[in-house]
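K.L.:
Just need the whole structure built from these sequences, with the hints factored in.
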Amino acid sequence: MTLMAHKADFKARGRYLLRDVSIVVTPGEVLAILGPNGAGKSTLLKVLAGELSPSGGTVVQNGRPLSSISALDLAQERAVMPQAASMTFPFTVFDVVALGRAPFRKVSTRQFDQKQVRRAIELADITHLQNRAYPALSGGEKQRVHLARALVQLWGMKDATGKSGASEDDDPTSAARFLLLDEPTAGLDVSHQHAVLALARREAKEHGVGVLMILHDFNQVLTYADQVAILTAGEVVAQGPVTNVMAPDLLSSVFKSPIRAINDPAGGVVLVSQSA
Amino acid sequence: MIAVKQMVAALQMQLPVNRSALFLILLMVGLCAATVVSLGMGGVEISVGDVFVHLGQRIGVTEVGIDAFDARILDSLRLPRILRAIVIGAGLGLAGAVMQSLFRNPIADPGIIGVSASAAFGAVTMIVAGHLIMGSYYAAFGPYGVPVAAFGGAVLATVLISILSRQDGRTDAAIMLLIGVAINAIAFAGVGVFTYMADDAQLRSLTFWQMGALSGNGPTDMPALIVMVLGIAYLIRLGTPLNLFLLGEAEARHLGVEVEHLKRRATVITALVVGAAVAVSGIIGFVGLVAPHLVRLATGPDNRYVLPASAIGGAIILTAADAVARIIVLPAELPIGLVTGIVGGPFFLGLLIVEKKRRRL
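Order-wise, the sequence lines are chains A and B. All residue numbers for the first sequence refer to my numbering, where the first residue is 1 and numbers rise by one. All residue numbers for the second sequence refer to my numbering, where the first residue is 1 and numbers rise by one.
Be a bit skeptical, because a hint or two may be false.
Part of the chain B face toward chain A, derived, beta carbon under 8 Å [to be verified]:
| # | residue |
| --- | --- |
| 1 | Arg104 |
| 2 | Thr220 |
| 3 | Gly239 |
| 4 | Leu246 |
| 5 | Glu251 |
| 6 | Arg253 |
| 7 | Gly256 |
| 8 | Glu258 |
Just some of the chain B residues that point at chain A, by a computed CB distance under 8 Å [claimed, not checked]:
| # | residue |
| --- | --- |
| 9 | Pro106 |
| 10 | Asp172 |
| 11 | Thr240 |
| 12 | Asn243 |
| 13 | Leu244 |
| 14 | Leu247 |
| 15 | Ala250 |
| 16 | His254 |
| 17 | Leu255 |
| 18 | Leu297 |
| 19 | Pro301 |
| 20 | Ala320 |
Rather than coming from a laboratory, the hints here were simulated on the basis of the structure. Beta carbons: idealized from backbone N, C-alpha and C, even for Gly.
P.N.:
Okay, here's the thing in structure tokens:
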């Protein structure tokens with residue numbers, strides 16, 4: 001059971017924003033999307049999230065075409081962390097995170113919801129902000145609020161500690177869950193960047209979630225992703241396991257900027273870009 | 001407001017319910033109190049005690065009634081009028097709260113996006129030009145002509161706003177608000193043109209539509225009031241979806257809301273409620289703006305509480321404003337739209353000043 005785009009096109013006013021894109025988000029793995037500005041990365045994420053319908057090709061989640069799944073069913077199987085959402089009404093941070101429980105309001109209890117929310121707030125390191133008004137936060141703080149909101153949605157009826165809350169999750173045939181992150185590190189300081197990426201990877205490795213994230217930093221891709229797809233001008237130019245795809249020559253030509261691999265004394269390689 | 005907050009805090013210590021639910025209960029009590037007090041007020045003073053005795057007799061609690069003259073005033077004049085005030089106030093307050101969430105803009109209000117003005121335009125068209133448009137059918141259509149035209153105006157404006165703001169199958173809330181403002185201006189221009197053409201008798205009815213009145217048109221109001229009650233029953237349950245909407249349309253969709261469906265339903269039903277309100281009482285401004293804002297001071301922005309509280313709050317405001325309108329210029333009565341405008345205008349100014357200070361670093 002995967003989240004998959006098959007030969008997907010997206011056309012707006014006769015111009016292709018995505019052309020013939022086929023990618024697969026596999027449960028338990030992290031797929032990074034890399035590419036220059038305007039390559040269609042966010043458009044691809046929106047197509048996978050069901051926000052935009054592809055003008056050609058198909059998007060399939062857990063075996064069903066996306067267009068045939070109701071918004072509520074979709075929300076119970078995948079969470080999206082957007083680039084900072086704007087909200088002018090003064091909800092508290094706790095309440096904004098709790099909105100992530102909305103898809104489960106008919107099946108969950110108040111106590112269970114609150115427990116999940118508190119756990120997510122702790123993981124996203126916003127405990128000290130939880131009673132503050134959301135509109136008063138800085139950009140990076142807002143990002144972390146939305147991460148926590150996506151986490152409580154993703155966890156669904158499963159206990160945050162990994163133990164199953166509801167019996168359906170013990171069933172191996174039950175639908176896989178997906179987490180889509182649009183530039184989750186934008187606006188964050190270095191330590192929170194790593195915290196967010198580690199959290200997303202942990203969801204994949206420990207809870208079998210299929211994670212897709214749009215990233216800009218080559219070394220974060222090397223550290224946190226299993227698979228990578230490189231997008232340019234709406235087309236996938238390379239995809240596969242991170243170690244195969246992240247070659248300096250390919251990256252240099254895609255990003256039109258010289259990129260070199262340097263051996264890290266601590267082990268592995270580091271990709272650096274230098275202005276010509 | 002501060003006194004209410006303290007009262008809520010004090011009661012909360014003793015009762016195992018949350019703050020906002022308690023506030024709703026207090027509002028209900030307030031509405032009952034406003035109703036009873038308002039029943040006693042007017043050209044003929046009737047004491048609160050007598051009002052209770054009369055209500056008791058009507059529901060069969062006590063045997064003896066009150067003075068027959070007073071009883072008739074209550075039954076045939078004040079009770080229907082206050083019921084109208086409650087339904088219309090609740091409808092307008094709720095419509096305002098829903099629109100503010102839908103447009104994600106705290107100043108949205110049926111009056112601002114032109115729904116009320118278009119309803120008035122419909123009514124005015126029927127008053128001034130009805131006999132030209134409908135010819136001999138005008139008499140047969142009789143007293144329903146004007147409310148139906150008001151209703152039609154509101155629906156037409158809403159449909160127009162939705163169609164004009166649609167692009168590639170989606171609607172942009174900010175553009176929608178601006179288009180509403182433009183429609184508002186056009187509708188008011190239309191009202192002006194007909195006012196210029198009207199004769200003396202027509203001018204009197206026009207004043208009614210523009211300034212609002214709760215005196216009603218007897219049984220012909222019933223269909224409109226029923227539409228309002230049904231609309232209120234639907235809108236009041238949209239709390240959670242509208243909360244998600246405040247995060248943004250894409251985010252609401254990610255969280256399981258069928259966004260386009262909700263937007264279309266909520267706008268059309270809000271228009272029905274507002275159109276029906278204008279059909280009964282003419283334009284009554286500011287209730288839709290003031291009620292939700294006042295309520296949010298106590299409940300915070302959570303729509304699960306803001307929606308019902310705005311409905312009850314709107315009903316209280318209109319009941320109280322109506323009581324004032326009835327006694328302030330005895331033996332005549334002031335159009336209720338003037339009362340809400342006189343209080344609402346300065347309130348809105350105050351709101352802007354507070355908002356300005358809040359943005360200061």
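K.L.:
It remains to establish, for every hint, whether it holds in the given structure.
P.N.:
Taking the hints in turn, this is what the structure says about them:
no. : hint   : verdict
1   : Arg104 : 7 Å, holds
2   : Thr220 : 40 Å, violated
3   : Gly239 : 10 Å, violated
4   : Leu246 : 5 Å, holds
5   : Glu251 : 5 Å, holds
6   : Arg253 : 6 Å, holds
7   : Gly256 : 3 Å, holds
8   : Glu258 : 5 Å, holds
9   : Pro106 : 7 Å, holds
10  : Asp172 : 14 Å, violated
11  : Thr240 : 6 Å, holds
12  : Asn243 : 6 Å, holds
13  : Leu244 : 6 Å, holds
14  : Leu247 : 5 Å, holds
15  : Ala250 : 6 Å, holds
16  : His254 : 4 Å, holds
17  : Leu255 : 5 Å, holds
18  : Leu297 : 11 Å, violated
19  : Pro301 : 4 Å, holds
20  : Ala320 : 27 Å, violated
Hint compliance for this structure: hints 2, 3, 10, 18 and 20 are broken, all remaining hints hold.
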